[in-house]
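Read in numbering that gives the first Met the number 0, the sequence shown has 125 at position 126, and its numbers run on one by one without any break.
These are calculated hints, taken from the structure and not from any lab test. The structure presented is a predicted model; accordingly, all values stated were derived computationally and were not measured. There may be inaccurate statements among the hints.
Within a straight-line C-alpha distance of at most 20 Å, the following computed EDC-like cross-link-like pairs (lysine to aspartate or glutamate) qualify [what the hints assert, rightly or not]:
1) Lys117 x Asp42
2) Lys117 x Glu43
3) Lys117 x Glu28
4) Lys117 x Glu70
5) Lys117 x Asp48
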Amino acid sequence: MDPALSARPGDRALTAPTVSCVFVCHDGEGRVLLARRGAGARDEPGTWDTGAGALEHGESFEAAVAREVREEYTAEALRIETIGVRNILRGEPVSHWVAVVCAVEVDPSAVAIGEPHKFDALGWFGLDDLPAPRHSQLEETLALFRARRS
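When you get a sec, could you build the whole thing from the sequences and use the hints?
Okay, structure coming up:
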């Protein structure tokens with residue numbers, strides 16, 4: 000097997016485009032769920048961000064999002080809507096992610112930190128009352144979420 004294919008998605012993104020499913024969890028009432036990245040996060044610890052995870056071989060976007068929502072937030076995705084695609088080039092050396100961005104309605108009472116090694120806090124926020132500091136990719140992701148509501 001090609002070593003690039005067996006590497007973790009974050010490592011593969013340094014040598015080839017890697018597909019990520021980014022999701023904005025919301026409560027259907029205008030609030031979004033954000034997680035503060037902990038010390039064990041891959042990048043930008045201490046910043047607030049939406050959820051995301053790599054697409055696995057043979058998996059649909061919807062299945063990947065539902066799996067990642069369960070893993071990261073212990074909740075079931077009630078409704079998944081694809082809201083955009085982003086081509087993300089970051090850092091030096093450049094990591095390359097193709098992000099399929101989804102809006103995901105969840106039950107706020109079912110949400111909890113499912114990956115404490117990656118996140119140290121969760122919160123529900125209005126789009127006009129977001130916490131800081133924010134992950135470098137958060138604004139562009141939320142712009143797609145805002146545009147879907149227009």
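We went through each hint and held it up to the structure:
1. Lys117 x Asp42: Distance of about 10 Å is within 20 Å: holds.
2. Lys117 x Glu43: Holds, because 11 Å separates the two Cα atoms, which is no more than 20 Å.
3. Lys117 x Glu28: Violated, at roughly 27 Å.
4. Lys117 x Glu70: 11 Å, holds
5. Lys117 x Asp48: 12 Å, holds
In summary, the structure is inconsistent with hint 3 from the numbered list given earlier, while agreeing with all the others.
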